[in-house]
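Q: One letter stands for each residue in the lines below.
There are 4 protein chains.
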Amino acid sequence: MPLYDLLFKPENSLVVQSRHARMGVEAINGDGFGLGWYGAMGTPGIFRSTEPAWNDRNLLEIATQSVADRVFAHIRASTGTAIQQTNCHPFRHGRWLWMHNGAIADFHEVKRDLALAVLPSLFPDIEGSTDSELFFFLALTFGLEQDPPRAVAAAVGLIEEVGRRHGVQHPIQMTVATTDGETTWVFRYSSEGRSRSLFHTVDISTLREQYPDNPVIHELSDDARLVVSEPLGSLIGAWEEVPESTCLVLRGGRLASHDFSPTRARAMA
Amino acid sequence: MPLYDLLFKPENSLVVQSRHARMGVEAINGDGFGLGWYGAMGTPGIFRSTEPAWNDRNLLEIATQSVADRVFAHIRASTGTAIQQTNCHPFRHGRWLWMHNGAIADFHEVKRDLALAVLPSLFPDIEGSTDSELFFFLALTFGLEQDPPRAVAAAVGLIEEVGRRHGVQHPIQMTVATTDGETTWVFRYSSEGRSRSLFHTVDISTLREQYPDNPVIHELSDDARLVVSEPLGSLIGAWEEVPESTCLVLRGGRLASHDFSPTRARAMA
Amino acid sequence: MPLYDLLFKPENSLVVQSRHARMGVEAINGDGFGLGWYGAMGTPGIFRSTEPAWNDRNLLEIATQSVADRVFAHIRASTGTAIQQTNCHPFRHGRWLWMHNGAIADFHEVKRDLALAVLPSLFPDIEGSTDSELFFFLALTFGLEQDPPRAVAAAVGLIEEVGRRHGVQHPIQMTVATTDGETTWVFRYSSEGRSRSLFHTVDISTLREQYPDNPVIHELSDDARLVVSEPLGSLIGAWEEVPESTCLVLRGGRLASHDFSPTRARAMA
Amino acid sequence: MPLYDLLFKPENSLVVQSRHARMGVEAINGDGFGLGWYGAMGTPGIFRSTEPAWNDRNLLEIATQSVADRVFAHIRASTGTAIQQTNCHPFRHGRWLWMHNGAIADFHEVKRDLALAVLPSLFPDIEGSTDSELFFFLALTFGLEQDPPRAVAAAVGLIEEVGRRHGVQHPIQMTVATTDGETTWVFRYSSEGRSRSLFHTVDISTLREQYPDNPVIHELSDDARLVVSEPLGSLIGAWEEVPESTCLVLRGGRLASHDFSPTRARAMA
Numbered sequence: 002m003p004l005y006d007l008l009f010k011p012e013n014s015l016v017v018q019s020r021h022a023r024m025g026v027e028a029i030n031g032d033g034f035g036l037g038w039y040g041a042m043g044t045p046g047i048f049r050s051t052e053p054a055w056n057d058r059n060l061l062e063i064a065t066q067s068v069a070d071r072v073f074a075h076i077r078a079s080t081g082t083a084i085q086q087t088n089c090h091p092f093r094h095g096r097w098l099w100m101h102n103g104a105i106a107d108f109h110e111v112k113r114d115l116a117l118a119v120l121p122s123l124f125p126d127i128e129g130s131t132d133s134e135l136f137f138f139l140a141l142t143f144g145l146e147q148d149p150p151r152a153v154a155a156a157v158g159l160i161e162e163v164g165r166r167h168g169v170q171h172p173i174q175m176t177v178a179t180t181d182g183e184t185t186w187v188f189r190y191s192s193e194g195r196s197r198s199l200f201h202t203v204d205i206s207t208l209r210e211q212y213p214d215n216p217v218i219h220e221l222s223d224d225a226r227l228v229v230s231e232p233l234g235s236l237i238g239a240w241e242e243v244p245e246s247t248c249l250v251l252r253g254g255r256l257a258s259h260d261f262s263p264t265r266a267r268a269m270a
Numbered sequence: 002m003p004l005y006d007l008l009f010k011p012e013n014s015l016v017v018q019s020r021h022a023r024m025g026v027e028a029i030n031g032d033g034f035g036l037g038w039y040g041a042m043g044t045p046g047i048f049r050s051t052e053p054a055w056n057d058r059n060l061l062e063i064a065t066q067s068v069a070d071r072v073f074a075h076i077r078a079s080t081g082t083a084i085q086q087t088n089c090h091p092f093r094h095g096r097w098l099w100m101h102n103g104a105i106a107d108f109h110e111v112k113r114d115l116a117l118a119v120l121p122s123l124f125p126d127i128e129g130s131t132d133s134e135l136f137f138f139l140a141l142t143f144g145l146e147q148d149p150p151r152a153v154a155a156a157v158g159l160i161e162e163v164g165r166r167h168g169v170q171h172p173i174q175m176t177v178a179t180t181d182g183e184t185t186w187v188f189r190y191s192s193e194g195r196s197r198s199l200f201h202t203v204d205i206s207t208l209r210e211q212y213p214d215n216p217v218i219h220e221l222s223d224d225a226r227l228v229v230s231e232p233l234g235s236l237i238g239a240w241e242e243v244p245e246s247t248c249l250v251l252r253g254g255r256l257a258s259h260d261f262s263p264t265r266a267r268a269m270a
Numbered sequence: 002m003p004l005y006d007l008l009f010k011p012e013n014s015l016v017v018q019s020r021h022a023r024m025g026v027e028a029i030n031g032d033g034f035g036l037g038w039y040g041a042m043g044t045p046g047i048f049r050s051t052e053p054a055w056n057d058r059n060l061l062e063i064a065t066q067s068v069a070d071r072v073f074a075h076i077r078a079s080t081g082t083a084i085q086q087t088n089c090h091p092f093r094h095g096r097w098l099w100m101h102n103g104a105i106a107d108f109h110e111v112k113r114d115l116a117l118a119v120l121p122s123l124f125p126d127i128e129g130s131t132d133s134e135l136f137f138f139l140a141l142t143f144g145l146e147q148d149p150p151r152a153v154a155a156a157v158g159l160i161e162e163v164g165r166r167h168g169v170q171h172p173i174q175m176t177v178a179t180t181d182g183e184t185t186w187v188f189r190y191s192s193e194g195r196s197r198s199l200f201h202t203v204d205i206s207t208l209r210e211q212y213p214d215n216p217v218i219h220e221l222s223d224d225a226r227l228v229v230s231e232p233l234g235s236l237i238g239a240w241e242e243v244p245e246s247t248c249l250v251l252r253g254g255r256l257a258s259h260d261f262s263p264t265r266a267r268a269m270a
Numbered sequence: 002m003p004l005y006d007l008l009f010k011p012e013n014s015l016v017v018q019s020r021h022a023r024m025g026v027e028a029i030n031g032d033g034f035g036l037g038w039y040g041a042m043g044t045p046g047i048f049r050s051t052e053p054a055w056n057d058r059n060l061l062e063i064a065t066q067s068v069a070d071r072v073f074a075h076i077r078a079s080t081g082t083a084i085q086q087t088n089c090h091p092f093r094h095g096r097w098l099w100m101h102n103g104a105i106a107d108f109h110e111v112k113r114d115l116a117l118a119v120l121p122s123l124f125p126d127i128e129g130s131t132d133s134e135l136f137f138f139l140a141l142t143f144g145l146e147q148d149p150p151r152a153v154a155a156a157v158g159l160i161e162e163v164g165r166r167h168g169v170q171h172p173i174q175m176t177v178a179t180t181d182g183e184t185t186w187v188f189r190y191s192s193e194g195r196s197r198s199l200f201h202t203v204d205i206s207t208l209r210e211q212y213p214d215n216p217v218i219h220e221l222s223d224d225a226r227l228v229v230s231e232p233l234g235s236l237i238g239a240w241e242e243v244p245e246s247t248c249l250v251l252r253g254g255r256l257a258s259h260d261f262s263p264t265r266a267r268a269m270a
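Chains as they are written, first to last, in my numbering: chain A, 2 to 270; chain B, 2 to 270; chain C, 2 to 270; chain D, 2 to 270.
Same shape as in the complex, but just chain A:
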């Protein structure tokens, strides 16, 4: 479907949320944004900017012109690191995209230990300075491209272990989405058990029955699924909250939900 219908049209669209998020820790997510989508090539494209999403004309243009089967979109509220494209989500590695809502606690303290755990051959490809990108590289180190749930569990396990070694009480909180262009994995977890909000849409055919006149729903294909930090609208019955400590797997319109818990990092060796 047209990206415009996702990013701009809904009552509580991502661009609206960039100014007035309702559920986020920050009401304003004006420190850049990013889009990742699968277009003409095997590898996905990313369009990232340091401007607020609400006033970036190029975002509006690209959203208006583009149709994609699978799109990642992110708005950023910096937790202190620089406002620069290389700190904007989604991050990319080959065919893979990654975005993260949350934070590694006391990142300044644990950054070096985490960076050293990144596979030496991947280390030089770290371009930015955020916890989210480093988390991605840890997941890649632990085999994201082979077994995403296992790799994310190991990365989170390491982050918790390193954090606790530095005296951090609740080392991580996260919702994470990652995809290879075919399957998407989404995680909700935090050390404290109070993660950022996460929702997915219910089955589209169910929604169509409930709202026969809604044009956005009408245009969505049967296997369309949205996974969002906040519902984009107020349709009762359209959105289902993802529970804590969960991994969703989305593929071809099917959605499976699994428990998620970090594994001890030594599993890596």
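Hints are computed from structural coordinates only; laboratory data are not their basis. We put the beta carbon where it would ideally sit given N, CA and C, even for glycine. One or more of the hints may lead you astray.
As the list claims (entries may be wrong) - What follows is a set of in silico ranges between Cβ atoms, one per label pair, in the way DEER data are often shown: (1) P216(D) x D148(C): 49 to 59 Å; (2) D148(C) x D126(D): 49 to 59 Å; (3) R23(A) x E12(C): 21 to 31 Å; (4) D126(D) x P125(B): 45 to 55 Å; (5) S258(B) x R255(A): 51 to 61 Å; (6) G194(D) x V250(A): 32 to 42 Å; (7) P125(B) x D260(A): 50 to 60 Å; (8) P216(B) x M2(D): 54 to 64 Å; (9) G144(A) x G168(D): 41 to 51 Å.
Unchecked claim - Here are some, though not all, of the chain C residues that point toward chain D, as calculated from beta-carbon distances under 8 Å: (10) G40; (11) G46; (12) F48; (13) R58; (14) E62; (15) T65; (16) S67; (17) Q86; (18) S191; (19) I205; (20) L236.
Said to hold, decoys possible - Reference listing, derived: stretches of chain A covered by chain D, where coverage requires no fewer than 3 residues with Cβ under 8 Å from a Cβ of chain D: (21) 79-87; (22) 119-125; (23) 221-228.
Chain A is fixed; fit chains B, C and D onto it per the hints.
A: Using the frame of chain A, we list chains B, C and D on its own:
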């Protein structure tokens, strides 16, 4: 074809030209750039940035992911007006795109008189401060959407008349391209008779015979045509210079060439 | 005093207001910002950026390093015109600075008529597309450099006359500040009588008596005056609201308050 | 003196060099720029931007308004790392500034080993992704703040050792300038013995005698010294080339020249 193959791949691609133009007045065209293309919607999209084309990552991403039937691309060397998106080409009005290489001489002197000639209902839509955008609005005022060669001739006639009234010897020099998405009109003209360079590709089937192994040519469809300020490569026989005082009309792979000369502005009344 | 002490240190500093304005029409003023100050040269410097004030590192650097006798600072919430430096306040002409909080109603409808009223010799210097800059050029046209209150009264009179001719009920609302580097004039007015908020500090020596321990007040010289859209802190007795339809004149620590009302534009001829 | 007189006025000013460097590896240095200067505070200010120096209006404004005793200015031609403020020179740590012209060869290969050598307490403060910033952090690690020539010698020694371990023939080439605000140290060195160009001005009083009518020289104080990659003008006798493998020390108008050679990194332990 993929935009990447036009903008980045050729030996003398537009992005290469942004650093080292060979034929331009300015060797460096680093004051922003723009793309216009016809995508999912009736109206074209425009992607414009104030950064040099050579270091804008989003340009590379979009070019890599996008395929278009018709694309306008422009690199800018400011002649003094501000470096801002609204001064970047192409300009858009409804379905129409416009880009200009050249200058209205002594623009500061003639700007007000030209602005007053713009149709009052169009005037408030002028967003930038360049001569090129004002030229576009004059062409729209004179009926660009109905009869482009006639409208451009009238606009140039007015620019020359106003310039001469202000004592300007050579009021305009230009290559201009404009399109409604179906047909493209390209103009080469200057008051002095020494316009910026302009080339178009010869028939693709001829080129294919000459260069059976060239991959770019191989991928181009039979009716592909490039019109450029500088040849993108050094293939002998591929590029033909557009003569002074000419209007090219391109539609569905066919190319027609007509004489072009400005008309007296009173034709407007 | 150091600009940092004005822009960043106060509890409700301008940078804080850029994210969470309390009294403004818009809570977020993230569409660029600007500083104007009198430094080493006769003409003032202006530093303007399209980024939100809260995440522009250069603003923090410049504020930290700079000391100025007189500074204009502005955060912008666009009412629709482009996010570009030439639309950021303050605007400058020779020794004069100008900034505006408010709007010319239905600007799209009246823009051309107002632009035509600008002195032809000044017209080509208009660089942006905002109502605020055009308002400045109208004030210059009516003699801002000779008699600011009279020129602003005439400019507002014209804006109201043109607006009403186009059927606009309340053509303008404004707080405006302008200075030549020696004297500052500040205006609060709106056609409807419900202008944006405006405050000034009371006499510094009075404040010092009330708050002997407050470091910011301690550092301010006896003749320091702040004029702001919103109080920068919660000191009772520090801030006095400027009444509707008022022109303040500040010079050398002295502050005079006059009634302000627009004059009929024909006074211009 | 006014920064404008250094950055914009000279025939071959830094801003001119950003478009047309004569001696550099790259003729165009359009990938951002930076200024560092000591203003109102103990720590220096830095103003960095990703735009080309030649079209950044804020640079012109700040240069026009500012006077400084000591200023670092840099124009960047990226060797591949991202165009972002955190990759622009000068870099800052406390009172110290650092800028580098040159490159660590095969940086992608040696980056991790060099990053691991940075003092763990400093590591998290690395914000960008360039070789130049990492070089700065290595110098800090080896005691830049205590003994700059010794620290730079050790950092270069390590870079050469790590490079050679990875099979790099000529691991580094550099001109480096660093200051604590009182003394400035400048280095010219490369593993190959073919470093980037480096010049300093001769004694100002000598120049005044030779060019009694030159206004720039006239305004310079007796102890003014410029150290530059390229002479800013064509005055015969004004500029002296710094030899290979040299460390200059500038303090209060006095200039001392020492031999410079890297030390084996094990000196660090």
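Q: Looking at the structure, which of the earlier hints fail to hold?
A: 1, 6, 9, 18, 19, 20, 23
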